[in-house]
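*Asks:* Using the sequences and the hints, build the whole thing.
Protein chains: 2
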Amino acid sequence: MKLYDQARAPNPRRVRIFLAEKGISVPLVSVDLGKLEHKSAEFTRINPRQAVPALVLDDGTVISETMAICRYFEAVQPEPNLFGATPLEQAQVEMWQRRVELELFLPVAAVLRHLNPAMAAMEVPQVPQWGEANKPKVLAFLEFLNGELADRAYVAGARFTVADITAIVSVDFMRAIRTEVPEHLTHVWRWRHVVSERPSMKA
Amino acid sequence: MKLYDQARAPNPRRVRIFLAEKGISVPLVSVDLGKLEHKSAEFTRINPRQAVPALVLDDGTVISETMAICRYFEAVQPEPNLFGATPLEQAQVEMWQRRVELELFLPVAAVLRHLNPAMAAMEVPQVPQWGEANKPKVLAFLEFLNGELADRAYVAGARFTVADITAIVSVDFMRAIRTEVPEHLTHVWRWRHVVSERPSMKA
Numbered sequence: 047m048k049l050y051d052q053a054r055a056p057n058p059r060r061v062r063i064f065l066a067e068k069g070i071s072v073p074l075v076s077v078d079l080g081k082l083e084h085k086s087a088e089f090t091r092i093n094p095r096q097a098v099p100a101l102v103l104d105d106g107t108v109i110s111e112t113m114a115i116c117r118y119f120e121a122v123q124p125e126p127n128l129f130g131a132t133p134l135e136q137a138q139v140e141m142w143q144r145r146v147e148l149e150l151f152l153p154v155a156a157v158l159r160h161l162n163p164a165m166a167a168m169e170v171p172q173v174p175q176w177g178e179a180n181k182p183k184v185l186a187f188l189e190f191l192n193g194e195l196a197d198r199a200y201v202a203g204a205r206f207t208v209a210d211i212t213a214i215v216s217v218d219f220m221r222a223i224r225t226e227v228p229e230h231l232t233h234v235w236r237w238r239h240v241v242s243e244r245p246s247m248k249a
Numbered sequence: 047m048k049l050y051d052q053a054r055a056p057n058p059r060r061v062r063i064f065l066a067e068k069g070i071s072v073p074l075v076s077v078d079l080g081k082l083e084h085k086s087a088e089f090t091r092i093n094p095r096q097a098v099p100a101l102v103l104d105d106g107t108v109i110s111e112t113m114a115i116c117r118y119f120e121a122v123q124p125e126p127n128l129f130g131a132t133p134l135e136q137a138q139v140e141m142w143q144r145r146v147e148l149e150l151f152l153p154v155a156a157v158l159r160h161l162n163p164a165m166a167a168m169e170v171p172q173v174p175q176w177g178e179a180n181k182p183k184v185l186a187f188l189e190f191l192n193g194e195l196a197d198r199a200y201v202a203g204a205r206f207t208v209a210d211i212t213a214i215v216s217v218d219f220m221r222a223i224r225t226e227v228p229e230h231l232t233h234v235w236r237w238r239h240v241v242s243e244r245p246s247m248k249a
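Here the protein sequences come in this chain order: A and B.
The first sequence begins at 47 in the numbering used here and counts up one residue at a time.
The second sequence begins at 47 in the numbering used here and counts up one residue at a time.
Incorrect hints may have been included.
[Said to hold, decoys possible] Pair ranges (Cβ atoms, derived):
#, chain 1, residue 1, chain 2, residue 2, range
1, B, G106, A, S71, 40 to 46 Å
2, A, V122, B, M47, 31 to 37 Å
3, B, P163, A, N162, 26 to 32 Å
4, B, A164, A, M47, 45 to 51 Å
In short, the hints are calculated from the structure, not lab data.
Even glycine gets a Cβ: it sits at the ideal position worked out from N, Cα and C.
*Replies:* Here it is, written out as structure tokens:
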């Protein structure tokens with residue numbers, strides 16, 4: 047088994063944190079996105095969608111998509127549980143994972159990909175107006191999340207789950223667009239400090 | 047239990063098809079998106095993200111996000127299985143569900159929301175250039191999917207799963223952007239004809 051990875055990209059980081067929380071070690075193979083290695087013929091044979099992370103099982107089967115890889119490991123090693131235990135908790139974790147991904151992670155990525163000249167080869171065509179349109183979405187979601195975190199410790203409930211992994215990676219990813227969590231969002235900051243202390247965050 | 051729904055919108059349709067496949071009946075409450083009822087104070091109290099579908103359980107707990115609602119019903123009634131049985135199948139279904147959603151469903155939605163003047167109150171601000179940029183993404187993904195469907199009956203493997211639900215709803219949703227699946231994509235057409243025959247498609 048091996049995991050195609052990139053040290054600084056946010057999606058591979060989500061998988062590395064997930065694996066660290068599970069205590070699972072998988073050999074990493076680094077893909078140089080700056081050199082567009084993920085668009086090479088060789089890597090395209092591994093993942094036709096030309097993206098990392100991609101997990102290759104011992105029989106050669108490839109699983110791509112961050113959340114698909116995480117769910118694979120949740121199924122083969124259920125503990126510690128990160129996707130929810132009861133039907134209701136599973137639904138709530140999925141709901142929050144998706145809210146954070148669709149309304150924070152993807153908007154941060156859109157700002158970066160459509161406004162940074164260094165991303166011109168990665169995002170074709172860049173639409174700067176779309177990058178600009180996503181800036182207020184990022185801040186609006188953080189305001190909403192702050193209200194939610196006033197009432198509970200973690201994004202999807204009383205305990206740490208994969209929704210927190212997507213959220214902390216998204217918030218840290220905001221460095222790439224030179225945006226900081228506003229100071230008045232004290233519940234987001236409290237949550238961020240607690241989550242950032244977890245050993246898995248260094249993965 | 048009740049499900050906030052809208053007859054013509056694609057996300058509520060995904061949930062209705064899923065429930066029909068499971069043989070589960072849930073009372074529907076229609077939300078008039080044309081009148082922006084989903085942005086009303088009353089509906090915002092139900093789902094602060096102002097979107098349908100939203101499932102309200104008997105104790106008042108709300109689950110929003112299409113896939114979270116589907117996963118809730120998969121957990122409470124596992125058969126017929128729609129999210130995968132083994133760890134590998136679960137990962138493959140999730141991978142394909144996400145590929146279709148991110149690379150077909152969302153691009154179709156972007157074309158509609160950013161280019162149709164009737165969507166101006168729904169999508170603020172509209173960025174027509176972004177709508178245009180998504181048109182080739184839709185066709186490129188259908189080409190890719192056609193190659194995949196040359197080798198297997200359904201989107202994620204040999205049997206019908208939730209990945210097919212997202213895919214058929216996405217393909218049918220292309221009517222809203224006046225785009226048809228190109229005739230030469232014969233495997234997509236064969237798959238579409240087979241899936242469209244399922245009784246759940248009328249839900």
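*Asks:* Each hint: holds or not?
*Replies:* Here is what the structure says about each hint:
no.	hint	in the structure
1	B:G106 <-> A:S71: 40 to 46 Å	holds, 43 Å
2	A:V122 <-> B:M47: 31 to 37 Å	holds, 33 Å
3	B:P163 <-> A:N162: 26 to 32 Å	holds, 31 Å
4	B:A164 <-> A:M47: 45 to 51 Å	holds, 49 Å
Checked against the numbered hints listed earlier, the structure breaks none of them; every hint is satisfied.
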